[in-house]
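A.B. asks: Here is what each chain is made of, one letter per residue.
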Amino acid sequence: MEAEKLTVSQYLALVNQTLARIPSDDFFIVGEVSGFGVSQQKWVNFSLKDEQADAKIPCFMTIYQLGIPLEDGMKIEVRGRSNVYEKFGKFSLSISAYNLVGEGALLRAYQMLKQKLEQEGLFDVSRKRALPRFPQTIGLITSAGAAAYGDFLRILGNRFGGLTILHAPVAVQGSTAVEDIVSAFLQFNNLSAEEKPDVLVLTRGGGSLEDLHAFNDERVVRAVFGSSIPVVVGVGHERDESLCDYAADVRASTPSHAAESVVPDRRDVLRELEHHMERFQFGVMGAVEAHRHILEQASHLFRSFIDGQLHRSRLVMARLHATDERLAYQRAQIRERIENAVRLLLHRLIEEKRQKNELVNASKRLLESFDVSRVLKRGFSLVRSKGKIIRSSESLAPGGRIAIQFAQGNVAAEIVNEKQTKLL
Amino acid sequence: MTKKPQSFSEAFSELEALTEWFETQEVDVEEGIKKFVRGLELAACCKKKLEEVENKVVELKKKYKEIIPE
Numbered sequence: 000m001e002a003e004k005l006t007v008s009q010y011l012a013l014v015n016q017t018l019a020r021i022p023s024d025d026f027f028i029v030g031e032v033s034g035f036g037v038s039q040q041k042w043v044n045f046s047l048k049d050e051q052a053d054a055k056i057p058c059f060m061t062i063y064q065l066g067i068p069l070e071d072g073m074k075i076e077v078r079g080r081s082n083v084y085e086k087f088g089k090f091s092l093s094i095s096a097y098n099l100v101g102e103g104a105l106l107r108a109y110q111m112l113k114q115k116l117e118q119e120g121l122f123d124v125s126r127k128r129a130l131p132r133f134p135q136t137i138g139l140i141t142s143a144g145a146a147a148y149g150d151f152l153r154i155l156g157n158r159f160g161g162l163t164i165l166h167a168p169v170a171v172q173g174s175t176a177v178e179d180i181v182s183a184f185l186q187f188n189n190l191s192a193e194e195k196p197d198v199l200v201l202t203r204g205g206g207s208l209e210d211l212h213a214f215n216d217e218r219v220v221r222a223v224f225g226s227s228i229p230v231v232v233g234v235g236h237e238r239d240e241s242l243c244d245y246a247a248d249v250r251a252s253t254p255s256h257a258a259e260s261v262v263p264d265r266r267d268v269l270r271e272l273e274h275h276m277e278r279f280q281f282g283v284m285g286a287v288e289a290h291r292h293i294l295e296q297a298s299h300l301f302r303s304f305i306d307g308q309l310h311r312s313r314l315v316m317a318r319l320h321a322t323d324e325r326l327a328y329q330r331a332q333i334r335e336r337i338e339n340a341v342r343l344l345l346h347r348l349i350e351e352k353r354q355k356n357e358l359v360n361a362s363k364r365l366l367e368s369f370d371v372s373r374v375l376k377r378g379f380s381l382v383r384s385k386g387k388i389i390r391s392s393e394s395l396a397p398g399g400r401i402a403i404q405f406a407q408g409n410v411a412a413e414i415v416n417e418k419q420t421k422l423l
Numbered sequence: 000m001t002k003k004p005q006s007f008s009e010a011f012s013e014l015e016a017l018t019e020w021f022e023t024q025e026v027d028v029e030e031g032i033k034k035f036v037r038g039l040e041l042a043a044c045c046k047k048k049l050e051e052v053e054n055k056v057v058e059l060k061k062k063y064k065e066i067i068p069e
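Protein sequences appear in the order of chains A and B.
Each residue of the first sequence is one higher than the one before, starting from 0 at the first, in numbering that gives the first Met the number 0.
Each residue of the second sequence is one higher than the one before, starting from 0 at the first, in numbering that gives the first Met the number 0.
Source of the hints: derived by calculation from the structure; they are not laboratory data.
The model shown is predicted, which means the values in this text are computed figures rather than measured ones.
A few of these clues could be false.
Just a few of them, taken from the derived set where beta-carbon distance is under 8 Å, the chain A residues facing chain B [claimed, not checked]:
(1) 68
(2) 135
(3) 156
(4) 167
(5) 168
(6) 170
(7) 268
(8) 278
(9) 282
(10) 287
(11) 410
(12) 411
(13) 414
(14) 415
Ideal Cβ positions, reconstructed from N, Cα and C, are used throughout, including at glycine.
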């Protein structure tokens, strides 16, 4: 029988078909990492070496699958499918899953990732947020059946009531743990503002480094770091630590401690409440007291003001009174002065008048007596008719009676002739 | 002066603000008494909330949420 002729491609296709028949999902291949490298920032290449025999399998995967850091010398177990890459005729294993084997490898991976994330700033204390003091809604990410779940809720209930706990049940270890936890963070962060919890708690009980792998997985650590809601991580017993602890806003040592970190004890709050009440009671009493004091002061001031006013009024009154007296005195003086002046004036006037009268009278008398008698003595006579001095014969008629005054004596006479040209 | 139901946090914060007001202000009696009364209301409200014992656990499901009383 003549052998069938195949092309290279045809043969390699046959090889790959045969390789595909291997039930790869049924086993892990255990070996040591050697020649670890990343090309084009995308492709991860290394060889899985047999620990005893001189044998190796070329392995590859994408960088996105690299949840746990690897380096040469690490013992790992891998699952994947093998094939021959036609272009180079090269056999390789395409990895679908891998785990670290043994505490040594895990610890090394842990330290490497810790250093990397630390350098990136995921653990910076400066970015840690304060937790709300009185959260109303708490997002709890943990396994439903675990002791951690019960512990957390029990301690929470002991401390505070009336809370809503939104529980995202997740596997905290095993193959789905990383995916579960990461999607729980995503879900909580995507809730509406009303539904969104005030704080998230990621917790689980203690365990080996292998048990805690999800809490040391880069994707979970980044989910904790990237959460818009503050995160409390409480893993294991006191001595356990995880990379999530470092990335959390608050690190709690145990699930119970996580509950204590999230809510205050109602008894402490009650005490504080009473303290507040005392303080503002004190404040208001103080205000009332101060008010009373002010009132007292004001009334005192008012009283002294009134007293002062009264005193001043009295002074003014007294002064006015004094002024009054003085005025009266002055008035009296003025009146007296005026009276005196008037009296003096009157007196003067009277005196003057009297003097004038006297003068007039004297003058009259003098004139009367002096002139006529003197003329008469010289021989003249004074003729009067009916009391009037006669100055012309015209005013006399015959038969009229006249009186003639001489220097010595008087005679009565009768007119005989009215015209007498020739004197007797 | 009763407002719509406040959360414990809001009531407590308001209470703290009142205390601070009392301690930093020259307290006016009228205003002080008003705030004092408000403080008493808030304290009573907080105390009432503190007396609550039960916490409600709601399971967060992937696609829908279901309320399961504890």
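A.B. asks: Confirm or reject each hint.
C.D. replies: The hints, checked one at a time:
1. 68: With a closest approach of 30 Å, the residue 68 of chain A hint is violated.
2. 135: 5 Å, holds
3. 156: 5 Å, holds
4. 167: At 4 Å from the nearest chain B Cβ, residue 167 of chain A passes the 8 Å test, so the hint holds.
5. 168: This interface hint holds because 7 Å falls under the 8 Å limit.
6. 170: Where the cut-off is 8 Å and the nearest Cβ of chain B is about 14 Å from residue 170 of chain A, the hint is violated.
7. 268: 6 Å, holds
8. 278: Holds, about 5 Å.
9. 282: With a closest approach of 3 Å, the residue 282 of chain A hint holds.
10. 287: 6 Å, holds
11. 410: Interface hint status for residue 410 of chain A: violated (129 Å vs cutoff 8 Å).
12. 411: 127 Å, violated
13. 414: 130 Å, violated
14. 415: 136 Å, violated
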